[in-house]
Amino acid sequence: MQRQSSISAGVSLENAAGSDLLSSVAPLRPRWRAPSAAPRCRYTTIDVVKRAAYRFSDRVSFDIRQENGEIICQMYPLSPMAEEEAQALLKTFRNEVLDQDLRRVIADETAPMRNAILAFAFSRTGLQN
Amino acid sequence: VARFLPIEHFERPLAAGYRLLPFRFARLNDTEYVLTNQAGEFTLITRDALEALAAHRLSMGAPLYQDLKAKHFLLDDDSDVAIELLAVKVRTKLRRLAEFTALHIFVVSLRCEHACPYCQVSRQSDDKAAFDMSRETAAKALDLVFRSPSPALKIEFQGGEPLLNFSLIRDIVTWAEHRNLQERRRLEFVIATNLALISEDILAFCREHQILISTSLDGPPDLHNRNRPRPGGNSHELAVKGIERARAALGRDRVSALMTTTEASLNRVREIIDEYVRYGFDSIFLRPLSPYGFAVKTRWYASYDTDRWLQFYREGLAYIIELNRSGLFFAEQYAATILAKMLTPFDTGYVDLMSPAGAGIAAVVYNYDGDVYASDEARMLAEMGDKTFRLGSVHTNSYEQIFLSEHLLDTLEASFAGSAPLCADCAFEPFCGADPVYHHATQGDVVGHKPTSDFCARNMAIFRHLITLMRSDREIRRTFTKWVAV
Numbered sequence: 001m002q003r004q005s006s007i008s009a010g011v012s013l014e015n016a017a018g019s020d021l022l023s024s025v026a027p028l029r030p031r032w033r034a035p036s037a038a039p040r041c042r043y044t045t046i047d048v049v050k051r052a053a054y055r056f057s058d059r060v061s062f063d064i065r066q067e068n069g070e071i072i073c074q075m076y077p078l079s080p081m082a083e084e085e086a087q088a089l090l091k092t093f094r095n096e097v098l099d100q101d102l103r104r105v106i107a108d109e110t111a112p113m114r115n116a117i118l119a120f121a122f123s124r125t126g127l128q129n
Numbered sequence: 001v002a003r004f005l006p007i008e009h010f011e012r013p014l015a016a017g018y019r020l021l022p023f024r025f026a027r028l029n030d031t032e033y034v035l036t037n038q039a040g041e042f043t044l045i046t047r048d049a050l051e052a053l054a055a056h057r058l059s060m061g062a063p064l065y066q067d068l069k070a071k072h073f074l075l076d077d078d079s080d081v082a083i084e085l086l087a088v089k090v091r092t093k094l095r096r097l098a099e100f101t102a103l104h105i106f107v108v109s110l111r112c113e114h115a116c117p118y119c120q121v122s123r124q125s126d127d128k129a130a131f132d133m134s135r136e137t138a139a140k141a142l143d144l145v146f147r148s149p150s151p152a153l154k155i156e157f158q159g160g161e162p163l164l165n166f167s168l169i170r171d172i173v174t175w176a177e178h179r180n181l182q183e184r185r186r187l188e189f190v191i192a193t194n195l196a197l198i199s200e201d202i203l204a205f206c207r208e209h210q211i212l213i214s215t216s217l218d219g220p221p222d223l224h225n226r227n228r229p230r231p232g233g234n235s236h237e238l239a240v241k242g243i244e245r246a247r248a249a250l251g252r253d254r255v256s257a258l259m260t261t262t263e264a265s266l267n268r269v270r271e272i273i274d275e276y277v278r279y280g281f282d283s284i285f286l287r288p289l290s291p292y293g294f295a296v297k298t299r300w301y302a303s304y305d306t307d308r309w310l311q312f313y314r315e316g317l318a319y320i321i322e323l324n325r326s327g328l329f330f331a332e333q334y335a336a337t338i339l340a341k342m343l344t345p346f347d348t349g350y351v352d353l354m355s356p357a358g359a360g361i362a363a364v365v366y367n368y369d370g371d372v373y374a375s376d377e378a379r380m381l382a383e384m385g386d387k388t389f390r391l392g393s394v395h396t397n398s399y400e401q402i403f404l405s406e407h408l409l410d411t412l413e414a415s416f417a418g419s420a421p422l423c424a425d426c427a428f429e430p431f432c433g434a435d436p437v438y439h440h441a442t443q444g445d446v447v448g449h450k451p452t453s454d455f456c457a458r459n460m461a462i463f464r465h466l467i468t469l470m471r472s473d474r475e476i477r478r479t480f481t482k483w484v485a486v
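As you go down the protein sequences, you meet chains A and B in turn.
To convert, note that position 68 of the first sequence is 68 in this note's numbering; the numbers rise steadily by one, no gaps.
To convert, note that position 357 of the second sequence is 357 in this note's numbering; the numbers rise steadily by one, no gaps.
Fair warning: there could be bad hints in the mix.
[What the hints assert, rightly or not] Between beta-carbon pairs, the in silico distance windows are:
#1 B:Asp143 x A:Ser79: 53 to 61 Å
#2 A:Gly69 x B:Thr298: 51 to 59 Å
#3 B:Asp78 x A:Ala119: 46 to 54 Å
[As the list claims (entries may be wrong)] Going by beta-carbon spacing under 8 Å, a handful of chain B positions derived as facing chain A:
#4 Arg19
#5 Leu20
#6 Pro22
#7 Ser79
#8 Val81
#9 Ile83
#10 Ala87
#11 Val90
#12 Arg91
#13 Leu409
#14 Leu412
#15 Ala414
#16 Pro421
#17 Leu422
#18 Pro451
#19 Phe455
It should be emphasised that the hints constitute simulated quantities derived from the structure, not laboratory data.
Cβ coordinates follow ideal geometry from the N, Cα and C atoms, glycine included.
Same shape as in the complex, but just chain A (with noise of 0.2 Å):
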């Protein structure tokens, strides 16, 4: 049975000089951070927030750990980014994980159908050998 987790992308606004990973781009930048009060997902994995987090990598760099049964998210802009598209950015960020813990669910669900699809799809092609 797989472990319960939590994403935690909340978000709260500070002076990040001194961050370790943004002191080096450019002081006084936004940066999320978990909140206490984190919004609980079931039954993703580190995966699944892994895949989503790529996703939006053109703006946001990510630091994603799994710390007693939850995962920890914490995005940080890569450019200065108001509260408002930073929340707006928060909230497709939570639906990409639940698109891809869904893409996860099917991919492992049909796995063999995919897999007997391709070998009827190549079984007569020659390329097989």
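Could you slot chain B onto chain A? The hints should help.
Showing chain B alone in chain A's frame:
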């Protein structure tokens, strides 16, 4: 004998339920998702319906259930041939893989009498000896052409301006046809030319050997001549006269044209399309600049971004749809290529939208000096000093050394969209491709970082736009279907 199963059959709860077939999905808008199966068939569905499908909660009697079943997204006890049928569609989509390299590009000269600032091949203006292909090189390249197992072989002559070395084109065509008496392939020739040097002798030869002509037409005279300067400033005049002469000699359908979008084109898409209509073309290929050659050096490539080009493209497509509504048949070729992937089980073989990438295995380039490159873009990159995709030389390497080189195979494997980050989960992957040369040129990595890739942004936007247009208007869907049928 009952001709139909009783209604109770369709209302019964399925004892075994249904099984999901492999599919991918992506959000199209706030309410709808695009689902694609392994063969690239697609359907639109709400989030609730998607969750119901994945959770096996769909009712057998629902219209959506039948639609999903018909399009191979689910399988039940009534559809025992579905897997084989889907496999046949997948095999049909991928059949070109087994045929291997069909397009063979001969760069017979890198010289050109035009001086286009956006030239992506880095043309040369002099030194015939250094930049023209020799007969010895051409003969060795032709040996490699006929080593390809493809039943169809297309030999395309490019430059520079290939007509500057027409005597070699004449030799290659003659040699190839002679050889094909034994080989019996479907042999086809294309000359990509600006038509400035076309002559009656050349046209007579083209007619005799059924050679196709592909030329450049960037739009109205002032725009075309600005994009494509040459001594006399008459590139447009020579191009349109050449088009008429070539059509008269070879037939209307034997002459095609390509346009390239520059910054000066951006506000003039209707005029550009009107120019194609005026000269009797029934389609246009709205192409952005590529990041190679002088286009980079002169900064023309950087003069507009993907968003601005997409605005140009959408405006052009809307105008083309208007023309079709008014009764004129006129297609946009890039859209037609993608629509063929979306609406039929066939793949058009367009090299930029293939996965595995078409580099080497769908198209290959024999450069003027005998070097062999994985694609047209690869040799463009080489002229900029980056020979990453040089596969070998016709003078020193065998067919096996060139086409089985680890360098080529590693590139194809690494960039394969079915296993690339983001692409592997992408619902639009069946319509898209891997473009390792582009991603190497722009990001220094053959796989590419897709969240920041202009290739990805441009194509995703076009896929979404085409599906949204078909969704919004049945007449547009009919128009698109006609483009594919042609």
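Of all the hints numbered above, which does this structure not satisfy? Sort the numbers upward. Hints 3, 7, 8, 13, 14, 15 and 19 contradicted; others consistent.
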